[in-house]
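Required output: the full structure, derived from the provided sequences and hints.
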Amino acid sequence: MLAHVVESDAQLVSRCRAGDEDAWRELVERFSRYVYAIAVQAYRMPESDAEDVFQEVFARAYVNLPKLRNDSAIRPWLAQMTRRLCLDTIRAGAREQAEELPEPVGADDAIANLDEALYVHDALATLPDNCREILDRFFARDESYRNIGDALDIPPGTIASRISRCLVKLKTELEDEGRKSVSAESGG
Amino acid sequence: MRYYDEETLSELLRTLPAPPQAWVEAAQEIPLARRGLDDIVERAREDQAFRTALIADLETALEGAGYETSPALAEAVRARLSL
Numbered sequence: 001m002l003a004h005v006v007e008s009d010a011q012l013v014s015r016c017r018a019g020d021e022d023a024w025r026e027l028v029e030r031f032s033r034y035v036y037a038i039a040v041q042a043y044r045m046p047e048s049d050a051e052d053v054f055q056e057v058f059a060r061a062y063v064n065l066p067k068l069r070n071d072s073a074i075r076p077w078l079a080q081m082t083r084r085l086c087l088d089t090i091r092a093g094a095r096e097q098a099e100e101l102p103e104p105v106g107a108d109d110a111i112a113n114l115d116e117a118l119y120v121h122d123a124l125a126t127l128p129d130n131c132r133e134i135l136d137r138f139f140a141r142d143e144s145y146r147n148i149g150d151a152l153d154i155p156p157g158t159i160a161s162r163i164s165r166c167l168v169k170l171k172t173e174l175e176d177e178g179r180k181s182v183s184a185e186s187g188g
Numbered sequence: 189m190r191y192y193d194e195e196t197l198s199e200l201l202r203t204l205p206a207p208p209q210a211w212v213e214a215a216q217e218i219p220l221a222r223r224g225l226d227d228i229v230e231r232a233r234e235d236q237a238f239r240t241a242l243i244a245d246l247e248t249a250l251e252g253a254g255y256e257t258s259p260a261l262a263e264a265v266r267a268r269l270s271l
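Going line by line, the protein sequences match chains Y and B.
Residue numbers are given in the working numbering: position 140 of the first sequence equals residue 140, and the series is strictly consecutive.
Each number in the working numbering corresponds to the 1-based position in the second sequence with 188 added.
One thing to keep in mind: the hints can contain errors.
What the hints assert, rightly or not - If we take Cβ atoms under 7 Å as the criterion, some of the chain Y residues that face chain B in the derived model are:
| no. | residue |
| --- | --- |
| 1 | E21 |
| 2 | A59 |
| 3 | R75 |
| 4 | W77 |
| 5 | Y145 |
| 6 | R165 |
| 7 | L167 |
| 8 | L170 |
| 9 | K171 |
Source of the hints: derived by calculation from the structure; they are not laboratory data.
We treat Cβ as the ideally placed atom computed from N, Cα and C, and that holds for glycine.
Now the structure itself:
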């Protein structure tokens, strides 16, 4: 988690524990893509099953959050819960069809890739609103230049260059954060 | 320290598409739903007539008492009250 601008995972969890419902909304917003991606990418679940898993993960997280020992471990905790529920769902389906299904090949690698994607997505949250919005709409929401231009009231002809500039800002943000981490690890 | 080029960043941003907004909103409303559940459970423990009505026809009793029912809420009420 990038800590210098955005509230840390641990701080967010702490506010949730204290009963702050705005914090819960933010927690769902922060991890919704991650949970969704584990279900549909790592476990290739159809949307209907993925929706059940998604809702169950957050329902269990809400109930069991007070039992989480390390507030900063919310991401791996959610990942583990999502994996378990995906496997339960897949196995329940297999039992109905009298099949034996192992865990999908490559799930570990897919989740490692999602962890990295979440790190980059967190860095996105530290960029100015205009950059965050345009990168999210183009890459994560797969919107066309025309839609983005209409929504943000900017000429479609300038969108490609804005995306490119915002990617450079994102790259710089990640490099700055990486240097700080290295410096902190080496005691500097 | 990891260095990202723009192509890698683009791929990683595409890797986390947004789930349907309705899913996110439903998950965000979990505290509200839980609070409704707590109210129902407390009332059923204090009001025998309400508890009897829940046992007879849970969904109808909840609707009659002004609660917006859902399969998840009904299931949770049954579990909490051991119905």
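Structure-based check of all given hints:
Below 7 Å, beta-carbon pairs count as interface contacts, and Y/E21 has one with chain B at about 5 Å; its hint therefore holds. Taking 7 Å as the C-beta cut-off, the interface hint given for Y/A59 holds, the closest approach to chain B being about 6 Å. With a cut of 7 Å, the hint placing Y/R75 at the interface with chain B is violated, because the nearest CB-to-CB distance is about 13 Å. For the restraint placing Y/W77 at the interface with chain B, the shortest Cβ-Cβ distance is roughly 16 Å, beyond the 7 Å limit, so the hint is violated.
Because the closest C-beta pair between Y/Y145 and chain B is about 15 Å apart, greater than 7 Å, the hint is violated. Interface hint at Y/R165: violated, since its Cβ lies 11 Å from the closest Cβ of chain B, which is beyond the 7 Å cut-off. Given hint, Y/L167 at the interface with chain B, holds; its Cβ is 5 Å from that chain's nearest Cβ, closer than 7 Å. Nearest Cβ of chain B to the Cβ of Y/L170: about 6 Å, under the 7 Å cut. The hint holds.
Evaluation of the Y/K171 hint against chain B yields a held restraint, the C-beta minimum of about 6 Å falling below 7 Å.
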